[in-house]
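**Q** Residue numbers (the numbering used here), protein chains in the order written: chain Y, 766 to 1016; chain A, 28 to 124; chain W, 217 to 321.
Derived by calculation from the structure, the hints in this document are not laboratory data.
Errors might be hidden in some of the hints.
Claimed, not checked - Among chain W residues calculated to face chain Y with C-beta under 7 Å, some are:
| hint | residue |
| --- | --- |
| 1 | N236 |
| 2 | L238 |
| 3 | S242 |
| 4 | Y276 |
| 5 | L283 |
As the list claims (entries may be wrong) - Not everything, but these chain W residues come out facing chain Y in the computed CB check (under 10 Å):
| hint | residue |
| --- | --- |
| 6 | F231 |
| 7 | G232 |
| 8 | I233 |
| 9 | L235 |
| 10 | K247 |
| 11 | V251 |
| 12 | D275 |
| 13 | P278 |
| 14 | M281 |
| 15 | T284 |
| 16 | G285 |
| 17 | T293 |
| 18 | A294 |
| 19 | L295 |
| 20 | L299 |
Beta carbons: idealized from backbone N, C-alpha and C, even for Gly.
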Amino acid sequence: MNRKSSLKTERFSGFLTSILSAALVVFLGWALLREPPGENLTAEAIAPLLVESGVASPVTAILLNFRGYDTLLEVMVLFLAGLGIWSQATVDPTNPLVFPAPATHPTKAYEPGPGSELILATLVGILIPLMILVAGYLTWAGEFQAGGAFQGGALLGGAGILMIIAEPQRLSAIPPPLIRAGIVIGPAIFLMVGVFCFAYGGNFLEYPRPRSGFWLGLIEFGVAISIGITLTTLFVGGRPNPRGAKGKERP
Amino acid sequence: MILTLFDLVLIIVLPLLGLAILATEDIFKAVVLFVSFGLLMALAWVRLNALDVALAEAAIGAGVTGALFLSALNRLERTVKHERRLDRDDERKASHE
Amino acid sequence: MTITTGYIFSGLILFGIGLNGLISCSHQLRKILAVNLMASGIFLILIVTGYGADGSAIDYLPQAMVLTGIVISVSTTALALTLACRIQHRLNRSVAETEEDGDDD
Chain Y
766 MNRKSSLKTE RFSGFLTSIL SAALVVFLGW ALLREPPGEN LTAEAIAPLL VESGVASPVT
826 AILLNFRGYD TLLEVMVLFL AGLGIWSQAT VDPTNPLVFP APATHPTKAY EPGPGSELIL
886 ATLVGILIPL MILVAGYLTW AGEFQAGGAF QGGALLGGAG ILMIIAEPQR LSAIPPPLIR
946 AGIVIGPAIF LMVGVFCFAY GGNFLEYPRP RSGFWLGLIE FGVAISIGIT LTTLFVGGRP
1006 NPRGAKGKER P
Chain A
28 MILTLFDLVL IIVLPLLGLA ILATEDIFKA VVLFVSFGLL MALAWVRLNA LDVALAEAAI
88 GAGVTGALFL SALNRLERTV KHERRLDRDD ERKASHE
Chain W
217 MTITTGYIFS GLILFGIGLN GLISCSHQLR KILAVNLMAS GIFLILIVTG YGADGSAIDY
277 LPQAMVLTGI VISVSTTALA LTLACRIQHR LNRSVAETEE DGDDD
């Protein structure tokens, strides 16, 4: 059989990839360390424009105002990931965390201990309202300190994941159109504000000058909600199908 | 500006943790090490004056990605050859005998 | 050695380890972990360019780019994990029956 020779080839190619990736790292290091990072032209360029941008935090101003189109594309990428997960797999909404095994490798079911459900339920009852509150604060505080839509949305996603882990049967109580609306609302608000800027005489996503902070706040609100619900959908791994988990079992 | 001991420890531990993630046999241990790697990266971002990135990395990079990996590990564990979850391997060996 | 050089070293070595793991590891989850390690290494190098060493101002543009990169990296990881589970389930047999030779891990 060719087993031994193929094993030797495998070992050699493992060694070869190590050598080659080490060579690539050395070359990149030589390229990066030849000229250390120099003067920051961006910081000098945006400092006078910060007051006009509507927010006090430079990172939020860059994300939503100066480079708003990049953030729009990024929100679209997250939306695409949610779309991909939603369209290709389904989960059983009464028990979304249990995936039936294929017939070739059956395993015995996992039975949790008697006390773990009580601990998790109590913890979740205390933590989730607090997490939602802190997520809202983080989103609002992004205007003048570290924070913003992504951080608040990530915390909201964490709260959703915690809820799915602790009480999986609650997923059956949420109607799927509501989840779809939650995934869509962030990109939709962003796009609509961008198009709405045409009415004020500017380009796409060129906010009207005197109160641009209001539009940024509106966009952040929508994007935070959408990121939270999309991250929770990514964790659940499919759309809720009331007739059981289609596509996960053998017909 | 000056390289403190904290920075030096972070600079040395981060690649070592990366090596440990790819070299351990147990996949579950690799995922848990990856979550701790995300939290150490959040500390590195704070040292590099990037506070927004630190918040986002701690929440998304460590939290959500760790949960995604554990959920996928739960689904994949029944069919992958080199899976190597040490507790489940003992169960499988015991159930085959 | 200054802070910038140290973190550039760390990021580069992380990138190299991730690249090697992506090619050499045989388990799907480890490959996806290796891609995340590569991304973290590159983010380290990006943020170091905006550090603001010895008196110059902090550059916020790489931080915005890395923020975008983190969100995109989690989207890619989620999609890759779902596709890996889906492939396993569609094949509906263990990988041991499809791979004949030994792998290094």
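**Q** So, for every hint listed, does it hold in this structure?
**A** Now the hints, each set against the structure:
1. Contact between N236 of chain W and chain Y, as hinted, is supported at the beta carbon level, the nearest pair being about 5 Å apart and thus within 7 Å.
2. Checking L238 of chain W against chain Y by beta carbon gives a least distance of about 9 Å; that is not within 7 Å, so the hint is violated.
3. Given the 7 Å rule on beta carbons, the hint for S242 of chain W is violated: about 9 Å separates it from the nearest Cβ of chain Y.
4. At a threshold of 7 Å, the smallest CB-CB gap from Y276 of chain W to chain Y is about 4 Å, leaving the interface hint in force.
5. With a least beta-carbon distance of about 6 Å to chain Y, the hint placing L283 of chain W at the interface is held under the 7 Å criterion.
6. Contact between F231 of chain W and chain Y, as hinted, is supported at the beta carbon level, the nearest pair being about 7 Å apart and thus within 10 Å.
7. Interface restraint check: G232 of chain W against chain Y, minimum CB-CB distance 4 Å, threshold 10 Å, status holds.
8. Hint status for I233 of chain W: holds, given a least beta-carbon distance of 8 Å to chain Y, under 10 Å.
9. With a cut of 10 Å, the hint placing L235 of chain W at the interface with chain Y holds, because the nearest CB-to-CB distance is about 5 Å.
10. A hinted interface residue such as K247 of chain W counts as satisfied when its beta carbon comes closer than 10 Å to some beta carbon of chain Y; here the least separation is about 13 Å, so the hint is violated.
11. Interface hint at V251 of chain W: violated, since its Cβ lies 14 Å from the closest Cβ of chain Y, which is beyond the 10 Å cut-off.
12. A distance limit of 10 Å between C-beta atoms decides the matter here; for D275 of chain W the minimum to chain Y is near 4 Å, and the interface restraint holds.
13. Interface restraint check: P278 of chain W against chain Y, minimum CB-CB distance 9 Å, threshold 10 Å, status holds.
14. Interface hint at M281 of chain W: satisfied, since its Cβ lies 8 Å from the closest Cβ of chain Y, which is below the 10 Å cut-off.
15. With a least beta-carbon distance of about 5 Å to chain Y, the hint placing T284 of chain W at the interface is held under the 10 Å criterion.
16. The restraint placing G285 of chain W at the interface with chain Y holds, with a minimum CB-CB distance near 9 Å, inside the 10 Å limit.
17. The criterion of a C-beta within 10 Å of any C-beta in chain Y is met by T293 of chain W, whose closest approach is roughly 9 Å, and the hint holds.
18. With 10 Å as the threshold, the beta carbon of A294 of chain W comes within range of chain Y, its nearest partner Cβ sitting at about 4 Å, so the hint holds.
19. Checking L295 of chain W against chain Y by beta carbon gives a least distance of about 5 Å; that is within 10 Å, so the hint holds.
20. Interface hint at L299 of chain W: satisfied, since its Cβ lies 8 Å from the closest Cβ of chain Y, which is below the 10 Å cut-off.
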